[in-house]
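Residue numbers (the working numbering): 1 to 209.
Treat the hints as calculated values from the structure; they're not laboratory data.
Fair warning: this is a prediction, and the values are worked out from it, not measured in the lab.
All C-beta atoms in this analysis are idealised placements derived from N, C-alpha and C, irrespective of residue type, glycine included.
Each hint should be verified, as a subset may be incorrect.
Distance condition first, Cα-Cα at most 25 Å in a straight line; then the derived BS3-like pairs of lysine-lysine [what the hints assert, rightly or not]:
| # | residue 1 | residue 2 |
| --- | --- | --- |
| 1 | 179 | 162 |
| 2 | 131 | 162 |
| 3 | 191 | 112 |
| 4 | 145 | 188 |
| 5 | 179 | 80 |
| 6 | 145 | 112 |
| 7 | 188 | 123 |
| 8 | 112 | 179 |
| 9 | 160 | 125 |
| 10 | 160 | 80 |
So the derived label-pair ranges between C-beta atoms look like this [to be verified]:
| # | residue 1 | residue 2 | range |
| --- | --- | --- | --- |
| 11 | 117 | 161 | 33 to 43 Å |
| 12 | 21 | 117 | 54 to 64 Å |
| 13 | 78 | 141 | 29 to 39 Å |
| 14 | 32 | 141 | 53 to 63 Å |
| 15 | 120 | 80 | 42 to 52 Å |
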Amino acid sequence: MPSPCPNFTDEIFTSDARSFYVWLLQIFSLLAILAFCIWLSLRPNQPSFTVVDLSVPTSNNIQNGSSSLTYELEIQNSNKDSGVYYDDILMTFFFGQDPVADDVISSFYQGKDKTHHVRQDAKAKNTQIWKGVARAVANATAQLKVSLATQVRYKTWGKKSKHHGMNLEGVVPIGSDGKISGKKKKKKKIKLHHASGKRKTFKKHHFKV
1 MPSPCPNFTD EIFTSDARSF YVWLLQIFSL LAILAFCIWL SLRPNQPSFT
51 VVDLSVPTSN NIQNGSSSLT YELEIQNSNK DSGVYYDDIL MTFFFGQDPV
101 ADDVISSFYQ GKDKTHHVRQ DAKAKNTQIW KGVARAVANA TAQLKVSLAT
151 QVRYKTWGKK SKHHGMNLEG VVPIGSDGKI SGKKKKKKKI KLHHASGKRK
201 TFKKHHFKV
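Could you build the full structure based on these sequences and the hints that come with them?
Listed below in structure tokens is the structure:
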């Protein structure tokens, strides 16, 4: 009669091997989760762009030869571990579907967890369209769509990322005084969001690498 011991020993070895592989799989799974968490913590957040001030010429100003608008843009980098390199930023202002003014903010670097303010004038593209804007402003019914296009690179631990394109937009209501309208102060800031479609972007040679 054959002894059952060899089969029992084989079962022990098989059970131990199975336990080892399960333990090994758990270790690899834990390392994968840990690596994913580290990647998420180091992945930079996109900078935010907010129109904090906008002033358009009224009918009287247009008659006096003023054909440009003044805007102030707040650019915030909330990343505590990453700086941001901005290529030239193209700003375009629309009244309905018509572009009425545009401007370029020159490329710059923004440090970690910093906020940058830019105040510039955008030159009008068509004086005739501006007359329509002035009429809407006088009636307190004017709205301008602000479009922003740029590319950014992140600098994390001394290493630069590849370029990331950004196309943002927002609608700014204009009061009869030619400035951003809104009863509450916090509503007078318009944060730009991702555009549903790319209205206008730089050609490749416009970006500085």
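Here is how each hint holds up against the structure:
1. 179 - 162: Distance ~38 Å between residue 179 and residue 162 Cα, so the pair is violated.
2. 131 - 162: Measuring from Cα to Cα gives roughly 43 Å; hence the hint is violated.
3. 191 - 112: Status holds; Cα separation ~20 Å.
4. 145 - 188: With Cα atoms ~15 Å apart, residue 145 and residue 188 stay inside 25 Å; holds.
5. 179 - 80: Measuring from Cα to Cα gives roughly 34 Å; hence the hint is violated.
6. 145 - 112: 30 Å, violated
7. 188 - 123: The given pair, whose Cα atoms are some 23 Å apart, holds under the 25 Å limit.
8. 112 - 179: With a Cα-Cα distance of about 32 Å, the restraint between residue 112 and residue 179 is violated, given a limit of 25 Å.
9. 160 - 125: At roughly 37 Å apart (the allowed maximum being 25 Å), residue 125 and residue 160 break the hint.
10. 160 - 80: OK: residue 160 and residue 80 at ~15 Å, within 25 Å.
11. 117 - 161: 33 to 43 Å: Taking Cβ atoms as reference, residue 117 and residue 161 lie about 25 Å apart, which means the hint is violated.
12. 21 - 117: 54 to 64 Å: Holds, at about 59 Å.
13. 78 - 141: 29 to 39 Å: 35 Å, holds
14. 32 - 141: 53 to 63 Å: 56 Å, holds
15. 120 - 80: 42 to 52 Å: 28 Å, violated
Hint compliance for this structure: hints 1, 2, 5, 6, 8, 9, 11 and 15 are broken, all remaining hints hold.
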